[in-house]
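Colleague: Protein sequence lines correspond, in order, to chains A and B.
Note that the first sequence covers residues 1 to 476 in the UniProt record's numbering.
Note that the second sequence covers residues 1 to 235 in the UniProt record's numbering.
Misleading hints may appear alongside valid ones.
[Claimed, not checked] Quick partial rundown of chain B residues pointing at chain A, CB under 7 Å, derived from the structure:
no. : residue
1   : 2
2   : 15
3   : 21
4   : 29
5   : 32
6   : 96
7   : 99
8   : 127
9   : 130
10  : 147
11  : 154
12  : 206
13  : 208
14  : 214
15  : 222
Honestly, the hints are just simulated from the structure, not real lab data.
Positions of the beta carbon are idealized from the N, C-alpha and C atoms, including for glycine.
Spelled out, the chains give:
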Amino acid sequence: MAMKIGNEKFKDNVNKQMEDTFMRGAVAGAQERLRTRRLDAAEELGNWEEWRSHGEEIRQHTLDHLDYYLQELSENLQKRGGHVFFAATAEEANDYVKGIVKEKRAKKILKAKSMVTEEIGLNGVLEQEGCDVIETDLGEYILQLDDHDPPSHIVTPALHKNKEQIKDVFTEKLDYKLTSKPEELALHAREKLRQEFLQADIGITGCNFAIAESGSVGLVTNEGNAGMVSDLPDTQICVMGMERIVPTFEEFEVLVGLLTRSAVGQKLTSYITALTGPRTAEEADGPSEFHLVIVDNGRSGILGTEFQSVLQCIRCAACINVCPVYRHIGGHSYNSIYPGPIGAVLTPLLGGYDDFKELPYASTLCAACTDACPVKIPLHQLLHRHRQVIVEREGRAPISEKMAMKAFGIGASSNPLYAAGSKMASSVMKPFTKDETISKGPGPLKAWTEIRDFPAPNKERFRDWFKQHEKESGKL
Amino acid sequence: MIQNKERFLANVASRLSRTEVLTERPSRNWNYRPQDKTLTDKTQDELVDILRDQCRLIHTELIETDSSGLPEVLAETVAAYGGGPLAIWQDHRYDAFGLREQLATWPNQGIDVHEWDPSIGHDNIGIVEQANIGITFSDITLAESGTVVLFSGEGKGRTVSLLPHKYIALVPKSTIVPRMTQAAQRISKQVQDGEAIASCINFITGPSNSADIEMNLVVGVHGPVKAAYIVIEDR
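Based on the sequences and whatever the hints tell you, model everything.
Modeller: Structural data, given as structure tokens:
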């Protein structure tokens, strides 16, 4: 799986997803819980706006000096015996990892949740090499068992599935015989995965934040699976998006606190681990070989542009949890591993407008995302900017918008046409009008009135009203 | 070994309108520092109160005692968690806190104790994996979040807190600081002083958990299913 998760058109995806009533209920409920938890955690901390501003300045500073900090990170990790590979593309990153797998003759590879390895499609590449690649985050494990069902949320990837569906997957794939109680399902996964952990040749993790001053990699989980993946196999590979870095432990602490509160409303998650190179000569557990793969894959193309602030993202999904559009269409509609407002901004930048030009329109521009973002990315402004670029620079506005604008252009530029059109509007729409509203509109109005009413054109035109008004006030 | 660095960083620098990669450390002049005024005015006793309240939220039992009561409290907690086998660090603090006698007593009661042994290397892992309870000291303890911070090292295997079915952290009261800020500052100072930091620094907050199935909280997924902190009055 790469960043793009299917070949269907955006509209077809949306129509299909809107039919899925379980998914829509699950998404709405999850949004509500996650949103409330975040607000409670922010209130409890106090000075939330000051924390956000600090988070923003840290992220901006780091991006503005990214070359320095990546250099510092790589040199410090090397001093601790780690290997660093800078990968300009997904292919370079995958080839490097493939090289390690071949050298180690690795068969079993365990992974902790990582968005960037999804983005570069690493699992598929390793499976083609004949490796057994096992996801260990419970949500991702469920999706992987279910014939690689794509994730629908960046923090809780199996959000769209209910426990009955999960039980069915376990029954079919794991010979599971118990009930759909989450405790029993989780215990079964624990037992299955514990054996895998102990036999793994290579562990692969992502990276929430690398720490430049010490050459460390920071991982944030609740389940403890990242610890298993990094402690047990003899070789560890961390894959990080190149912007996921902070200068020192002091900034690491600030961003981890913003991440855990914004993502799940916890002060800290159960496991936060800072790994610095392989185990030392005196130590008996931990990997003997440590590799860090730093991935560009389109990110540098965003740096230095009007979209740079999207690279401030710390992948907390707070924007997703407040988005009214995501609430209705769900994660799969975005056709990208990055859904919601952050996905609608980021996906077209990484994947191009050809495949993803609809995404910036999957927003009401209500700015709830911008208000929720713990590092103050102006998400709704970036979505608006995307639309401007799509229309002005790319010349590919949506067809309906193009037709409407063209029709308005013709109608408004000719005096007789405008007069005739505006006079006729009321009577043309009369068959569709009831109580001053249109609830079943024709043609281009159909998509709108399927879900809400449209106000009927006023019987009296503004121009006629104005003439009459002036006459009555004696000015003519 | 570092590969592909020059080309990669030259591109990043040019995107940032620089002709060469920045080699001078940028100064960090933050306009905001909310961490300096968060819980920094609390006394050590107030921090214990905060830790106690937080432990309720993270499904972690908090027990308070002093050095003389510690062996008994630990024995009770171990019994309540179903006894051995136990896995512990090779750590002089067990002696400093008067636990050596208790550690010697357990095997006579049929409770195996595995003390981390660097000389047997990876074989430690298999033994620890079979342990019912892992017991370690906390190196730094964060009151706000209810977190124990563990630095890996020669006798301090990282898996002791992760693989056993339950986990007990011994928390000397003097290790308690307000929040992660103070731990981060201490580690950062080590780096600046040129000391080697631990290869694995674990911030552990209660037992492992997941909410991946219908957003229901399940306590105990890959790591321990239960956790207790024993706070020891030590000054």
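Colleague: Please name the hints from earlier in the document that this structure breaks, with their numbers sorted from lowest to highest.
Modeller: 4, 6, 7, 8, 9
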